[in-house]
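Generate coordinates for the entire structure from the input sequences, incorporating the hints supplied.
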Amino acid sequence: MAQFNLNVNGKTQQVDVDPSTPLLWVLRDHLDLVGTKFGCGIAQCGACTIHLNGTAVRSCQLPVSAAEGAQITTIEGLSENGDHPVQQAWMEHDVPQCGYCQAGQIMTAAALLQQNPNPSDEEIENAMNGNICRCGTYLRIKAAVKTASQKL
Amino acid sequence: MTKVNTKLDRRSFLKVSALAGGGMMLSFSWLAGCKPTVEEELGLPKEWFELNSYIKIGENGAVTLYSPNPEFGSNVKTSMPMILAEELDTDWKNVWVEQADFYPERFDRQFTGGSQGIRMGWTPLRTAGATARAMLVAAAAQSWNVPANEITTSAGMLEHKGSGKKANYGEMASLAATLEVPEEVELKDINDFKIIGQSKKNVDGQKIVTGKPLFGIDHKVEGMKYAAIVHPPAFGMRLKSFDKSSVMGMSGIQDVFSINVFKDDYVQNFFDTTTFPEIIAIVGNSTWEVMQAKKNLVAEWEKAPETKIAMAGFGGNSMEVTVPAGLENSSSHKSRMAEFLKKPGTVVRKDGDPEGMFKKAAKVIERTYSAPFLAHNTMEPMNCFADVKGDRAVIYGPTQAPEFIMGTISSSLGIPRENIQINLARMGGGFGRRAYSHHMVEAALISQKIQAPVKMVYSREDDMSAGVYRPTYSATYRAALDENNNLLALHVKAGGIPESPLHANRFPAGALDNYLAESWDIPSNITIGAFRAPRSNFIAGAEQSFLDELAEEMGKDPIDFRLELLKRAETDPVGSNNDYDPKRYAGVLQLVKEKSNWSQAQSNIHRGVSAYFCHNSYVAEVVDTVIKDNKPVVESVYAAVDCGIVVNPDAAANMGEGAIVDGIGNAFFGELAFNNGAPTKTNFDTYRMIRQKESPKKIEVHFVESTENPTGLGEPLFPPVFAALANSLYKATGKRYYEQPFAPQLEMENLRM
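First to last, the sequence lines map onto chains A and B.
Residue numbers for the first sequence, in full-length UniProt numbering: 1 to 152.
Residue numbers for the second sequence, in full-length UniProt numbering: 1 to 753.
Any given hint could turn out to be false.
[Stated by the list, open to error] Quick look at which bits of chain B chain A covers, simulated, 3 or more residues with Cβ under 8 angstroms:
#1 217–226
#2 600–609
#3 647–655
In short, the hints are calculated from the structure, not lab data.
As the structure is a prediction and not an experimental result, all values here were calculated from the model.
Where is the CB? At the ideal position from N, CA and C, for every residue including glycine.
Printed below as a string of C-alpha cells:
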C-alpha cells in the first residue's frame, strides 16, 4: 500500500492503495466515480476511457502510480453541468441503448475533437474504433461526433 | 374506443399501502441517489397520491410513472411509461420515470426477453393509465358536482366546459386516490394518440452521458465487501480442492470459500442453467485485490462424471435431465454434426409427397449451412450486489428475469421469498444472457456466508467462459426442381448442439405442396441459453440464403420469388398450422423493395435481400456491399419492419440499427470454439466484436404504417441480416458463404486476389 495524490476532475484526492492498482479501480472503488466502466481489463474495449492530461487513455491498464501528477478527467468531470458539446450531441441523437459503453465513447470523442475539431468520417472511424458498443450504436455515435464538431 | 374490464388485471390496481413491504419498493430507487432529471418544471411535490401500482401524482401535478420491466437497452423504461402517459392523458414533460423493483404482487410479467415487453404490456399499461384518468375525472365530477361524462382531459388538465371549471391533475389527486377503482374503463381511439408514435428521448439519457450510477456494478453501500469468483477452467470439469493459504495472506483478502449454487434437493426450472454448480469465492476490500488473489489461487480441478438433475416439468411433474461427462472439442462437434447429413432426423412436418418428388426431380440442389457457438458478451460483465443478514436478503443486480431466479435464491439461501427483495438495476446489455441470473444466487450466497453486503464482479474472462452460449447449429436444405425449373419440393434437416434451430411451421411451409422438415440434436455439457432471437438467429440465415440460391437457379428475382411463394400461402395455403400472416410478410418485402430502389441496379453496388418472421413481427432487409481495396465493405442496409403500432419511433429505429450491426458483426466475426472443454477465446483480444470501422455506413429502418397492436422489435431485425449479407457478398465476390463466421473466408480470398 502507498499513498497517492491524484488530481481528478480538478480536485486533489488522496488514496492509499497498492501501487499496481489500475486507475480504473481507484476511481470506481476508492473515489466513488463509477461513470468510468470496467469492460475487459485489457484495454480492448474502451469502456474505461478517461483523459490523462487531455489524452484519451484506458484506465484499466494505467497503474495509479503512473497517474500521479497528471490531470485526470473522468466522465463526471467532462463538464460541470453535463453540457459538453459531445454530451449534448449524444442526447440530441439519443445515442445510447444499454448505455454502458457510452461514457468511454464520449471520452474518446471529446479527446478526438480537442485535438482535431473537424475530423473527417475516416478520422472519426479510426479514433472511435477502439471503443466497442455491443448494442451497435456506431452510426449514431459517428453522427453525434459530427454534430459536436459543428458546435465546437 | 375500446372498453376494458379492469378486473382482468386486478393486482395492478392495488395500492401500495395495502401491501406489506410496500414502502421498501418505493424507497430503494430514491436511496440509490438518482434524482429524476426529466425536464422538471413543477418541482418535487409535497405529497404523492398513488392511483395504482404504476402511477402516482403529486399535489402540484407532477406524475411519477413506474416502468415495470427490467431495462437492458431496448428502451422499455421510456416506451412503457409512454403508454401509461398516453392513456392517463398527461403532459410528458411533467412525467418522472422510476424503475419499479421486482414486485410480482403489483406488476405483471416483469420480464425482458422474447421481444414481448411492449406486446404483453400494451393492454395492461393502457388500462392502468386509463383507470387513473377515470379516477381523476370521477374526483372532479364529485368536487364540481357535474356528470363525469361531461369532463374532458388534456395534457394533465381536467375541464368541465359547461361550468367553465378547470383543474390540473394534482388538485384532484388526493381525492382520486381514495375512490373505488372503476370496473370498466374506456381506452383511447388510436387516432387520438398524442404521445405514442411521437419520438421521446431516453429517460436515462442525461444520466448515461454524465456517468451517474445506474448499473448494478456501480452500486455501493457502507461496509460493502468485494468478491471475485473462480469457476472450473472447462466444461466437464469440477472443483476437487483449493488451497486457502495460497491467497489468505494477500493484501485486502478477507476470506476464500466454495459455494454450491443449488441445494441438493432443489428441483431446477428451465432457466436454472447448471454451468458450474460449485465455484470458489474470494472476498476482500476492493475489486483489484480480489482479482489479484484470483490469479494466485491454487485450485485443483477434476473431470466431472455424468450427472442427473431434477427439472420441473409441465403439470407439476419433475423430470430428470442428464448432463453428459467429457471434455468436448469443436472439431468433434463438427464431425458429429456432419453425420446427420447421412442420418434421418425426427420428422416435425410433412406436407404432400416430398420423397416422391425428390425421386422424380430433374435436378436436386442441396446446401448445408452452419454457425458456431456464440458468447453474448454484454459490455457489463455479470455482477451482483447482495446484502443477506439473518433471514432477510436484498439483492440488486442485472437480471432480465427476476421471477425465474427468485425461487432459486430462496431455495439456495433457505430464506422464504417474502423476505427477499430483488431490485432491478439497469443492465449493461442482456441479449438473453441475463435471463439466467445465477450471478444473483452466487452473490447472495457469498453475502450470506460473510453476513455483510457484498458486490461480486466477474472478470471478462469469467463472463466469456461461464457458458449460457448461443448453440452451434447446422441445416441442410434440399430443393427438387423439374426440367422446367419449377420447384417440386423442399426439404430441410436442421439441428445443433444441444438444440435444433428448426421452426417447422414458418415460411416457406404453407407455400409448398411438398415439404419435409426434420430435426435433430446432440447432447452436450456446454450450457446454452437464449441469444437474441434464439434459433431464428441461425435458421433465418440458412433458409434465406438457400431461397436466394434457389431463385437464381430458377431464373427469378429473389424478391419476386418470395412474393410468389407468399401469394400461394395467402390464397391457397398448404396445411393449417402456418404461424405467419403471408400478407404482412409480403408487405415488408414490398416496402423494402421500394425504399431500397431495388429495381434500379447499380453496377458497383452488390445487393442481397432477406426476409423473416419472428417474435410476431415481419422484417425484410437489403444489404448493399461495395468492393474497396479488394475487400467487400457493407455500405448500406435498408430494413422494412411490420411490428404493428410503433410506440417510440426514433428509439425503435435505434434498436433496429443495433440489431443490424449486431447481425453483421456476428455473421462476419462471431465464433466461440472449444478445446478439451475450454473456450478458446476469453476476452476481446481474441473474440472479435464488430467495431466502428466495420459498421455499415448507412442504415435506414422503415416501419409499415399500422393500426395493429404492437409486436416484437428487439429481436426481429437481427435474424434476417445474416442472409441479406451473405447474398450480398455472393454478388460482390461470386462465392456463396455457407459457414459462419464469414470474415476468415473473405480474408483467405482477399489474400488470393
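Hint by hint, here is what the structure shows:
no.: 1; hint: 217–226; verdict: holds (count 4)
no.: 2; hint: 600–609; verdict: violated (count 0)
no.: 3; hint: 647–655; verdict: holds (count 4)
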